[in-house]
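Q: Spelled out, the chains give:
2 protein chains.
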Amino acid sequence: MTQKAFQDYYPDEFATCYGCGRLNQHGLQIKSYWDGEESICHFKPRPYHTGGFPGYVYGGLIASLIDCHGAGTASAAKSRHDGRDMETHPPYRFVTAALHVDYVAPTPIDEILEIRGSVKEIKGRKIIVAVTLSANGNVCAKGEVIAVQMPE
Amino acid sequence: MTQKAFQDYYPDEFATCYGCGRLNQHGLQIKSYWDGEESICHFKPRPYHTGGFPGYVYGGLIASLIDCHGAGTASAAKSRHDGRDMETHPPYRFVTAALHVDYVAPTPIDEILEIRGSVKEIKGRKIIVAVTLSANGNVCAKGEVIAVQMPE
Chain A
1 MTQKAFQDYY
11 PDEFATCYGC
21 GRLNQHGLQI
31 KSYWDGEESI
41 CHFKPRPYHT
51 GGFPGYVYGG
61 LIASLIDCHG
71 AGTASAAKSR
81 HDGRDMETHP
91 PYRFVTAALH
101 VDYVAPTPID
111 EILEIRGSVK
121 EIKGRKIIVA
131 VTLSANGNVC
141 AKGEVIAVQM
151 PE
Chain B
153 MTQKAFQDYY
163 PDEFATCYGC
173 GRLNQHGLQI
183 KSYWDGEESI
193 CHFKPRPYHT
203 GGFPGYVYGG
213 LIASLIDCHG
223 AGTASAAKSR
233 HDGRDMETHP
243 PYRFVTAALH
253 VDYVAPTPID
263 EILEIRGSVK
273 EIKGRKIIVA
283 VTLSANGNVC
293 AKGEVIAVQM
303 PE
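Protein sequences, first through last, are from chains A and B. For the record, in the first sequence the residue sitting at position 143 is 143 according to the numbering used here, with numbers rising by one throughout. One rule links them: number in the numbering used here = place in the second sequence (from 1) + 152.
Check the hints yourself; a few may be wrong.
As the list claims (entries may be wrong) - Sample of chain A residues at the chain B side, in silico, Cβ under 7 Å:
#1 Y9
#2 C17
#3 Y33
#4 W34
#5 H49
#6 S64
#7 D67
#8 H89
#9 P90
#10 H100
#11 D102
#12 Y103
What the hints assert, rightly or not - Capping the alpha-carbon separation at 27 Å, the derived lysine-lysine pairs in BS3-like fashion look like this:
#13 A:K120 <-> A:K142
#14 A:K126 <-> B:K294
#15 B:K294 <-> A:K142
#16 B:K278 <-> A:K142
Read the hints as simulated data drawn from the structure, not as lab findings. Even for Gly, the Cβ is constructed at its ideal location relative to N, Cα and C.
Construct all of the structure, not just a fragment, from the sequences and the given hints.
A: The structure is reproduced here in structure tokens:
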């Protein structure tokens with residue numbers, strides 16, 4: 001993709017998140033983009049991201065991907081909603097107030113995971129993002145992130 | 153503590169989880185114990201477990217701790233409920249069907265976190281565990297894990 005990822009617009013001092021901060025060298029460094037009205041992120045689990053069953057991903061990674069992709073989507077969605085250009089104004093900062101994940105099928109560890117977000121609601125400082133996580137076209141988890149905008 | 157952790161009873165082939173498997177050398181290797189009617193786990197975040205705000209823990213770690221401690225508690229609770237001794241019979245295996253986390257306050261990264269579980273419901277193969285995560289006596293997150301027992 002030639003788009004710049006949502007996370008690449010974060011100012012350096014807030015680019016530290018283990019899940020999505022581009023400056024956290026130990027972290028997952030996920031990258032989220034617009035794909036039409038939805039947001040999209042691809043992530044290849046590392047071999048040690050196993051769960052209690054060999055060959056499958058542990059639930060905490062899935063929760064982390066849904067959380068960070070959801071919060072990033074909220075941030076970009078608010079910028080878009082307000083007609084604010086992320087090139088000239090960094091995206092608003094959001095934190096997760098609540099996270100819900102339904103694990104609907106085991107997630108294979110050797111596939112590239114696709115995480116998709118869609119904005120369900122923008123209301124004041126609160127944004128709700130619905131997220132799915134799929135492998136090989138099969139939905140393995142469904143989640144919801146309630147993100148709240150931080151004061152500037 | 154002189155108790156053996158729930159996770160130390162898991163058979164080797166299922167001790168691979170990034171969150172709680174004792175054999176996952178890259179993982180968090182959390183340890184959960186009974187503390188009366190509740191279960192308890194202590195965890196010291198690593199310096200790189202930061203969120204988007206320096207000095208605070210990222211939400212995915214909190215979700216992971218709640219998930220793995222909740223599933224471990226379900227497993228031990230089912231053994232206790234059935235009067236099955238984990239010394240002679242390894243605990244039942246549970247997977248997380250759903251996870252919910254409310255982030256109620258920022259979680260400081262330089263404290264030992266205390267994660268406590270209490271069983272809300274045991275019904276057939278399903279167990280619901282309520283979990284709190286605290287730092288310095290202050291609750292930073294509240295969660296709920298719905299765990300489902302795997303066939304043996």
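Q: Holds or violated: A:H89 as interface residue toward chain B, Cβ cutoff 7 Å?
A: violated (17 Å)
Q: Next pair to validate is A:K126 with B:K294; report whether the Cα-Cα distance is within 27 Å.
A: holds (19 Å)
Q: Does the nearest C-beta of chain B fall within a distance shorter than 7 Å of the C-beta of A:S64?
A: holds (3 Å)
Q: Verify the proposed pairing of B:K294 with A:K142, using a straight-line Cα cut of 27 Å.
A: holds (20 Å)
Q: Taking 27 Å as the top limit, are the C-alpha atoms of A:K120 and A:K142 close enough?
A: Holds. A:K120 to A:K142 sits at ~14 Å (cutoff 27 Å).
Q: Can A:Y33 be said to touch chain B, with a Cβ gap under 7 Å?
A: violated (18 Å)
Q: Is the straight-line distance between the alpha-carbon of B:K278 and that of A:K142 27 Å or less?
A: holds (19 Å)
Q: Per the CB criterion, is A:Y103 less than 7 Å away from chain B?
A: holds (6 Å)
Q: Holds or violated: the hint that A:C17 contacts chain B, with Cβ atoms closer than 7 Å.
A: Since chain B brings a Cβ to about 4 Å from A:C17, closer than 7 Å, the hint holds.
Q: Is the shortest C-beta separation between A:Y9 and chain B less than 7 Å?
A: violated (13 Å)
Q: Given A:D67 as an interface hint, is the shortest Cβ-Cβ distance to chain B below 7 Å?
A: Cβ of A:D67 sits 5 Å from chain B, so the hint holds.
Q: Hint A:W34 vs chain B: min CB-CB distance below 7 Å?
A: violated (20 Å)
The structure is inconsistent with the numbered hints 1, 3, 4, 8 and 9, although it conforms to all the rest.
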